[in-house]
Amino acid sequence: MTEHYGYSGKILRVNLSNDKIWAEDTKKYADKFIGGRGIAAKVAWEELKPNIDPFSPQNKLIFMTGPLTGVLSPGSGRTTVAGTAPQVYPKPWYTRSNMGGRFGSELKYSGFDGIIIEGESEKPVYIWIHDERGVELLDADELWGLDTFATQKELMKKYGKETTSACIGPAGENLVRIAVIETASGDVAGQGGFGAVMGSKKLKAISVTSMRDGVQKIGNINVADPRRLVELWRKCAKLLQGGRKIPEVPSSFMGAEVKHERKYHACSHACPGLCGRGRDYGSFIWKDIPSKRYHTIESGQMMCIAPNFVAFSTEKEAEVKIEYRVNIPEALRIKNLSDMLGINQWDFLGGLFLWLVTCHKKGLINKKLLPCPVDPNNPDFWVRLLYMIAYREGVGDLFADGVLRAAEKLGKGGEYLPYVTCGFAEHGAGRGVWGFFEYPFWIVGALLWATDSRDPFSDTGHGYARLVYGFHYVLPLETNQVKNIAKKLWGSEKAVTDDYEYKAQPAVWLQNRGCLTSSLPTDDWTFPIIASNFTQDGSGDTSLESKIYSAVTGVDYTEEELNRVGERIFNLERTIAVREGRNREVDEKVIPFFNRPDWTRRIRLDEDKFKALLDEYYKLRGWDVKTGRPTKSKLKELDLKDVASKLHG
Amino acid sequence: MKPELVKQSGMINYFPERCTGCGVCELACALYHEGGCNPGLSRIHLINDSFTGNHSVEVCVQCFSPGCYYICPVNAIEIDPETGARYISEGKCIGCGKCVEACPLMPEKQIIRFKKIENKRLFFKCDLCKDRVEGPICAELCPASALAYLKAGERK
Chain A
645 MTEHYGYSGK
655 ILRVNLSNDK
665 IWAEDTKKYA
675 DKFIGGRGIA
685 AKVAWEELKP
695 NIDPFSPQNK
705 LIFMTGPLTG
715 VLSPGSGRTT
725 VAGTAPQVYP
735 KPWYTRSNMG
745 GRFGSELKYS
755 GFDGIIIEGE
765 SEKPVYIWIH
775 DERGVELLDA
785 DELWGLDTFA
795 TQKELMKKYG
805 KETTSACIGP
815 AGENLVRIAV
825 IETASGDVAG
835 QGGFGAVMGS
845 KKLKAISVTS
855 MRDGVQKIGN
865 INVADPRRLV
875 ELWRKCAKLL
885 QGGRKIPEVP
895 SSFMGAEVKH
905 ERKYHACSHA
915 CPGLCGRGRD
925 YGSFIWKDIP
935 SKRYHTIESG
945 QMMCIAPNFV
955 AFSTEKEAEV
965 KIEYRVNIPE
975 ALRIKNLSDM
985 LGINQWDFLG
995 GLFLWLVTCH
1005 KKGLINKKLL
1015 PCPVDPNNPD
1025 FWVRLLYMIA
1035 YREGVGDLFA
1045 DGVLRAAEKL
1055 GKGGEYLPYV
1065 TCGFAEHGAG
1075 RGVWGFFEYP
1085 FWIVGALLWA
1095 TDSRDPFSDT
1105 GHGYARLVYG
1115 FHYVLPLETN
1125 QVKNIAKKLW
1135 GSEKAVTDDY
1145 EYKAQPAVWL
1155 QNRGCLTSSL
1165 PTDDWTFPII
1175 ASNFTQDGSG
1185 DTSLESKIYS
1195 AVTGVDYTEE
1205 ELNRVGERIF
1215 NLERTIAVRE
1225 GRNREVDEKV
1235 IPFFNRPDWT
1245 RRIRLDEDKF
1255 KALLDEYYKL
1265 RGWDVKTGRP
1275 TKSKLKELDL
1285 KDVASKLHG
Chain B
19 MKPELVKQSG
29 MINYFPERCT
39 GCGVCELACA
49 LYHEGGCNPG
59 LSRIHLINDS
69 FTGNHSVEVC
79 VQCFSPGCYY
89 ICPVNAIEID
99 PETGARYISE
109 GKCIGCGKCV
119 EACPLMPEKQ
129 IIRFKKIENK
139 RLFFKCDLCK
149 DRVEGPICAE
159 LCPASALAYL
169 KAGERK
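From first to last, the protein sequence lines stand for chains A and B. Start counting the first sequence at 645; every next residue gets the next number (this note's numbering). Start counting the second sequence at 19; every next residue gets the next number (this note's numbering).
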């Protein structure tokens, strides 16, 4: 690592059990693991004991940025959050989540590349960081109990409007296993339930007030080659949206005309994208919309899965038909409420809610179980359900531990659980809310799901979706363009055609790149820029991350060399998983879910072919085919000698 | 004594309804002027309100009659002959802060700020990237066209 280029240089350490605060050099980790997910994995490998209770003081909560956080790199404001995750079912293990907004950037401007929190406090506290010398652990009695919006606003009132905070709401305080860590009005580290880890440590918020006047060396993120970085920025903007654009907000939303005001909103610092290219799930912020029902005026971001608070309709072929529509002002209120309480919207909408409605339709829900009728067209039902979960009221206490645990306790509804594996709701698997993933694309999805420690579609699988469907900023490409790109990247056009062949190659590539996406970090709705509507052949430029990394840090890496770092990170994570008991048998637990017919062509997984594909995947990875363990030689080849000797003796 | 009549200046024009609050303007500005990224070193200042989407930008309007220029005791504020930008000559600034007091937009808006070098205050403000061939970098890179450069002759 060249002299501080791209990094602030320090990682903050806080022990909440004894109020000890100290810092260590980022350099210790950065050369081999870059940042974000990579450094988090290294810390977890060295310091997290396997199979611990996520709510015990032994668990550590790792916030980590990377060299591209807070610099002029598309969507750079991201932060990885990692630790032992309470959402994981049946047994919590190590995994990671990620959030946008500006929190990571501001943290770096205050002099820290990351924060590692250990121990637990006896009483509610929050951390306030205002420059390298000013880190304070403060009493949070007055903040405890507040929702995430109120907490942030309170801290802004206290420390100035440019204070940025990551905090938890009542759900996190009450150890809800699907509680998020929230910053701004909808940027969350959602998957994993890390909000509850924060709650168990009695840590309400981490607040950063970076200096705006009198900046010295602290917090100026130096860039090795500024001119080159600007050139690369222009190139990205060109590939993403054809250059500078005047935003045009579409007049319809979720299939209906809208009269309410909204505009495009960059949900991650430095994002150039007018996200979603006018699609419903793009990043919009809604402005000053009065909700008559709740007598409130609502503003807020509604992106990704959140538009499903407005409306949803299952595919025609679905066994259980679910359809609903809520007025936009009321839906925005519900969406804001879930953010304020700090509940994971992906799991709530794509998991719990769908399961509950399905069970209701199938007559599996006892009328006495819920205090109100199950009616998704009625906003009061949603509001009631959210409060019940966040405060563990009545049956909400069961749901707060995740639907899988709830279904187990209730002893019913197991066959309708929209959960792929290890406690994460369907995503890119062809059989759920986002059931759009068709055969054969979900074969790649199945491999990703089989070998990851969480829902792999956020930092890993999105690139594939962009190519095969045209997603995020990409509108659908022509079939021959898709095939050519697949051939170039993964060696054969079979990577995107009806077959089990050539599905392991894209999976391995996507995983290695996913590690880079959350380590550099970049934004997974943007990078890798695998396809573009602004080139002749539809191809993007997958070498951009390595070029941006080189321009920022001054360390020259080719695309292949950087991919290698991604591979190293993925293998380290796998080794952590192996230490927690992961093996081929656990990987194959995805099979029953994919044995369900998919929603578009009713195709089921071919179990024999999939097992052969897993063999191929392990071989490509350099892992033992029987056990799914990284081999000694593979780990050594990836410069993970110490890891190899600990795993293999 | 100021020997010449103050030349009119161009300015950065802001369209709040287009602004996505991404902050690229600040990052690009600091990168161009200081070789690194930090909003505290940017000449343009974004206030991102992610709760309402009502973002705003604070940047020097390059006054016709710039108070900062007249008040500076060491003539550190100069007028660029090309763009008309009122800029602070870093070598001359003594860090007294009189320009801040003279600015009609401050302290409500952050127009002139300072960095610290060896404990000495050095003030800086928007110079319209006067030496940059492509013009102001914030306007060039703003992905949503929320910033535009108006030349002196185009101002009304």
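Because the hints were derived from the structure by calculation, they are not lab data. For every residue, glycine included, the Cβ atom is placed at its ideal position computed from N, Cα and C. It cannot be assumed that every hint is accurate.
Lysine-lysine pairs mimicking BS3-like chemistry, simulated, CA-CA at most 30 Å apart [said to hold, decoys possible]: (1) B:K138 x A:K654; (2) A:K802 x B:K116; (3) A:K671 x B:K134; (4) A:K805 x B:K138; (5) A:K889 x B:K138.
Computed list of chain B residues with no C-beta within reach of chain A, every gap over 10 Å [claimed, not checked]: (6) L23; (7) K25; (8) E35; (9) V42; (10) Y50; (11) E52; (12) G53; (13) G85; (14) Y87; (15) N93; (16) C111; (17) K116; (18) Q128; (19) R139; (20) I155; (21) K174.
Checklist entry - For B:K116, is the shortest beta carbon distance to chain A beyond 10 Å? => result Its Cβ never comes within 10 Å of chain A, the nearest being 16 Å, so this holds.
Next on the checklist: If I take the minimum Cβ distance from B:R139 to any residue of chain A, is it greater than 10 Å?
Outcome noted: Non-interface label on B:R139 violated, nearest chain A Cβ at 7 Å vs cutoff 10 Å.
Item to check | Nearest-CB test (10 Å) between chain A and B:G53 | outcome: violated (5 Å)
Checklist entry - Between A:K889 and B:K138, does the CA-CA distance stay at or below 30 Å? => result With a Cα-Cα distance of about 41 Å, the restraint between A:K889 and B:K138 is violated, given a limit of 30 Å.
Item to check | Beyond 10 Å from every chain A Cβ - status for B:L23 | outcome: holds (33 Å)
Item to check | Non-interface label on B:E52, tested against every C-beta of chain A at 10 Å | outcome: Its Cβ does come within 10 Å of chain A, the nearest being 7 Å, so this is violated.
Next on the checklist: A cut-off of 10 Å on Cβ-Cβ distance, and B:N93 was said to be off the interface with chain A. Does that hold?
Outcome noted: Correct as stated: the minimum Cβ-Cβ distance to chain A is 24 Å, above 10 Å.
Item to check | Holds or violated: A:K805 to B:K138, with C-alpha atoms at most 30 Å apart | outcome: This hinted pair holds, its Cα atoms lying about 26 Å apart.
Next on the checklist: Between the alpha carbons of A:K671 and B:K134, is the straight-line distance 30 Å or under?
Outcome noted: holds (26 Å)
Next on the checklist: B:K138 and A:K654 were given as a pair; does the straight-line alpha-carbon distance stay at or below 30 Å?
Outcome noted: Holds - the C-alpha atoms of A:K654 and B:K138 are around 25 Å apart, at most 30 Å.
Checklist entry - Does the no-contact call for B:V42 survive, Cβ to all of chain A over 10 Å? => result violated (6 Å)
Item to check | Beyond 10 Å from every chain A Cβ - status for B:K25 | outcome: holds (29 Å)
Checked against the numbered hints above, the structure breaks hints 5, 8, 9, 10, 11, 12, 18, 19 and 20 and satisfies the rest.
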